[in-house]
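Residue numbers (numbering that gives the first Met the number 0), protein chains in the order written: chain A, 0 to 501; chain B, 0 to 503.
Hint data in this document are derived by calculation from the structure and do not stem from the laboratory. All values reported here derive from a predicted model rather than from experimental measurement. Be aware that one or more of the hints could be misleading.
Under the rule of at most 27 Å between Cα atoms (straight-line distance), these lysine-lysine pairs were calculated in the BS3-like manner [stated by the list, open to error]:
#, chain 1, residue 1, chain 2, residue 2
1, A, Lys-93, B, Lys-401
2, B, Lys-386, A, Lys-93
3, A, Lys-462, A, Lys-480
Derived coverage of chain B by chain A (criterion: at least 3 residues anywhere in the stretch with Cβ under 8 Å from a Cβ of chain A; other residues may be distant) [said to hold, decoys possible]:
#, segment
4, 99 to 111
5, 183 to 191
6, 234 to 248
7, 255 to 266
8, 340 to 347
Covered stretches of chain A, going by a simulated chain B footprint (3 or more residues, C-beta under 8 Å) [stated by the list, open to error]:
#, segment
9, 58 to 67
10, 313 to 325
11, 366 to 372
12, 452 to 466
For each residue, glycine too, the CB sits at the ideal point set by N, CA and C.
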Amino acid sequence: MTTATDALMPYDEVLERFDPVLGLEVHVELGTATKMFCGCPTAFGAPPNTQVCPTCLGLPGSLPVVNGVAVESAVRIGLALNCTIVDWCRFARKNYFYPDIPKNFQISQYDEPIAVDGRFDIELEDGATFRVRIERAHMEEDTGKSLHVGGSTGRIHGAEYSLLDYNRAGVPLIEIVTKPITGTGARAPEVARVYVAALRDVLRGLGVSDVRMDQGSLRCDANVSLMPKGATEFGTRTETKNVNSLRSVERAVRHEMQRQAAVLAAGGTVVQETRHFDENTGFTRPGRVKETAEDYRYFPEPDLVPVAPDTEWVIGLRKALPEPPAERRRRVQTDWDLSDLELRDMVNAGALDLITATVDAGAPAAQARSWWMSYLSQEANTRGIELAELPITPVEVARVVALVAEGGLTNNLARQVVDGVLAGEGTPDEVVESRGLAVVSDDSSLVAAVDEALAAQPDVVEKVRGGKVAAAGAIVGAVMKATGGKADAKRVRELVLERCAQ
Amino acid sequence: MNELVRSTASELAALIHSGEVSSAEVTRMHLERIAAVDPEIHAFLHVAGDAALSTAAEVDAALAAGEQPRSPLAGVPLALKDVFTTVDMPTTCGSKILDGWQPPYDATVTARLRAAGVVILGKTNMDEFAMGSSTEHSAFGPTRNPWDTRRVPGGSGGGSAASLAAFEAPLAMGTDTGGSIRQPAALTGTVGVKPTYGGVSRYGLVACASSLDQAGPCARTVLDAALLHEVLAGHDPLDSTSIDEPVPAVVDAVRRGAQGDLRGLRVGMVKEFAGDGYQPGVQGAYRAALDQLSALGAELVEVSCPHFDYALAAYYLILPSEVSSNLARFDGMRYGLRVDNGAATAEEVMAATREAGFGAEAKRRIMLGTYALSSGYYEAYYGQAQKVRTLISRDFTAAFTKADVLVSPTAPTTAFPIGEKVDDPLAMYLNDLCTIPANMAGNTAMSVPAGLAEEDGLPVGLQIMAPALGEAVMYRVAAAFEAARDAAEGGPLFRRVPGLEVPA
Chain A
0 MTTATDALMP YDEVLERFDP VLGLEVHVEL GTATKMFCGC PTAFGAPPNT
50 QVCPTCLGLP GSLPVVNGVA VESAVRIGLA LNCTIVDWCR FARKNYFYPD
100 IPKNFQISQY DEPIAVDGRF DIELEDGATF RVRIERAHME EDTGKSLHVG
150 GSTGRIHGAE YSLLDYNRAG VPLIEIVTKP ITGTGARAPE VARVYVAALR
200 DVLRGLGVSD VRMDQGSLRC DANVSLMPKG ATEFGTRTET KNVNSLRSVE
250 RAVRHEMQRQ AAVLAAGGTV VQETRHFDEN TGFTRPGRVK ETAEDYRYFP
300 EPDLVPVAPD TEWVIGLRKA LPEPPAERRR RVQTDWDLSD LELRDMVNAG
350 ALDLITATVD AGAPAAQARS WWMSYLSQEA NTRGIELAEL PITPVEVARV
400 VALVAEGGLT NNLARQVVDG VLAGEGTPDE VVESRGLAVV SDDSSLVAAV
450 DEALAAQPDV VEKVRGGKVA AAGAIVGAVM KATGGKADAK RVRELVLERC
500 AQ
Chain B
0 MNELVRSTAS ELAALIHSGE VSSAEVTRMH LERIAAVDPE IHAFLHVAGD
50 AALSTAAEVD AALAAGEQPR SPLAGVPLAL KDVFTTVDMP TTCGSKILDG
100 WQPPYDATVT ARLRAAGVVI LGKTNMDEFA MGSSTEHSAF GPTRNPWDTR
150 RVPGGSGGGS AASLAAFEAP LAMGTDTGGS IRQPAALTGT VGVKPTYGGV
200 SRYGLVACAS SLDQAGPCAR TVLDAALLHE VLAGHDPLDS TSIDEPVPAV
250 VDAVRRGAQG DLRGLRVGMV KEFAGDGYQP GVQGAYRAAL DQLSALGAEL
300 VEVSCPHFDY ALAAYYLILP SEVSSNLARF DGMRYGLRVD NGAATAEEVM
350 AATREAGFGA EAKRRIMLGT YALSSGYYEA YYGQAQKVRT LISRDFTAAF
400 TKADVLVSPT APTTAFPIGE KVDDPLAMYL NDLCTIPANM AGNTAMSVPA
450 GLAEEDGLPV GLQIMAPALG EAVMYRVAAA FEAARDAAEG GPLFRRVPGL
500 EVPA
């Protein structure tokens, strides 16, 4: 059995000798309120087996009923990926035995998917556009979750017992499958990552899923094969699962290229198999070994009638699609007058949606950008998470910007407010209140503080009166110190000058 | 025998609703009858006496309070095939693998019966997962035919049919995948109706073959079947294949038909369903039925449905394919039987459970279906069979341009001795030759008692088939025929069930 000690070929050498071919299968858990074929809720994180019914438990006699909202989401995803939406399609049963699949078959789509033949243009880091062709997008139901207890691998083999949670069983999934992606050369890992990221942006824009890779609502299986330079026939592929972040997508593809190249260079053959990506080591390891090829015995699901999307309905959905992210980026670049580099930085930081939403919530573009691209980006880096995962919303950032604009906060105080929001202390207004961060704008209390400072430094007062206006800084500093930084420095300076002039 | 248990459902309903007899009394009489004869007949797998009496008491109380009956069958007892889920009774489907399983939900059929105030007496025996034509494939032992207890009552719904013929219940529920309502009706001299596919909800009906299964009424008279039909039928949002159309007015059709005038109606005799394979007494009773229909004014025409010859072969590819998938869920992981045998893995537990839990016929069909759906064989088997299915539908469509209803014998033979065919699957399968096409095409069909076979004195059924949603014309013909036959023979056939007297 191969282990994490697999030999790897240096990446440059891989590219000298082989061309990679990718195939990406992305599973999206839809954010519908109810499951694909029953009325059970889909909320993540509920206690085990509390969101189940006869249908999603596959009890004898139960029957599935298609979730119309899920079909609508599937059509919208298909349209957003420039697919053809078929006039008529069916569900099929994929038969296999496994304890987390209650009926021992999964209702999926096989040779009659709802959306076919799409294309999706993605923008690589250097600004080049790469076209990914979409084979199909189809609907299916998710499986339950197994927790294998005991044993060293956390897998079913060797486990003492297994726990099953069927809350996820029946949650609607859309599987988006690319055609073989060729011609990427060295950029295969980047193409894989950018494709998934771009797909995530589109899905988020459609509002069909919360697309959280960490929670499994967006999952990517990466098929990788190599063919010798100049060959036209694809090599044997492996399918790597358990790729739970964008960075992992890139690492997994790169690793598989290096591993397969080493196998081939040593005269071996690549085994067609499912492999699992290990986030810790960056290696892939083989999944369960099958003695025989899996035969899923697909046949049309007899408990469901065909799905025939109405043409007018589809046209309506197409018209109502949100602006594609790529087009939106071009528009934003013009509107906000950004350089290519500035735009790319924003996109790469995953900040575009957040900044746009902040602007939509009333903040000027420059300030919105500044918050997300500097202070909050640093915070995300420190925490090692995506910008979007910071516990602050665009609306909250916009509120902080507004408080500054109204004179209620200084920039320094604003950062403290943001820190408070990030620390979970509540909304910006609540943080201002609880931390007592409001700018002291009541002149009477300020005047008292100014007078006190003037009285304490008569020599400075003389200098100011003598025309050395810059000397006022010392008094302003004292006032700021006395007010704990809550005073508006500009106003303090005005007051100091006023009082000195009297 | 108490006369109440010999009464029809409509007669009992009239007595109960007019206050002459209580539902409790009627229910008690039937429970007594079950206690007396079921040890021999074995129609029931579970008798729910207390629950039945409590339902009856509720109906009686509502009537006593001056309420209108909840349905035309409120207070009338019924025997439920053990394939419908029931929250208050086990549901085994005649299989060891579900022995003792008590579902957490009611089938739509169960719920509709309850809502109609029908008194559910218990659950009836059946071939395991509705696969069989004799009820010998029940894991809990065979049911005996009340006409001759050495013989089978047909299957898979032999328990329901026998309960009617043994006067244990005036109404029963069946499911018909290839004839499981109609063939037992024929073999027990009762009435059985397979509604149009989608006419009655399949929600909570434990699936045999999803695209063929259809629940329907069983009774001793055509009117009773029609009354039950109207309680059951109608759209159910929980079943995607349920038809969202008005329920055909079958009770009206029966009342019209009973007036005995079939003039202007064309009855098509299916040419392919006659000849050598048919027992002479069956042919004789069938010919007599045709004469009867002709005497009622119907125009007899011969129709040919050439692809019906391939129906059985195609059926035994489609059915097992769906069965192999539908029965996959019985694996010991969540409910029902679990056989461990010291197994080390989940897969081994699944295998051991299925090995021990399924009977021979279930295993045979699971194997057949698994094979038929396998990669490389799918097109040759399942794919081809689906094409035959389409051709059968076309045959029906063409035939229904020439005739309003089609007729044939329901089964090629009368009830056969227990044990005769149980080890000869092909001979057993041939019993469903005439009933299978309607399941393949999805149209409606029923069996009504035609008479007794000359050579063995056992009942023969007349099958009447109509187009999809053509229940009204089918029931009309059945009612006209029943009335004419009863008049000619001096009473209904079921009155002639021999023996079965309650021991003193």
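Could you work out which of the previously given hints the structure breaks and list their numbers from low to high? Of the numbered hints given earlier, those the structure breaks are 1, 5, 7, 10, 11, 12, listed in rising order.
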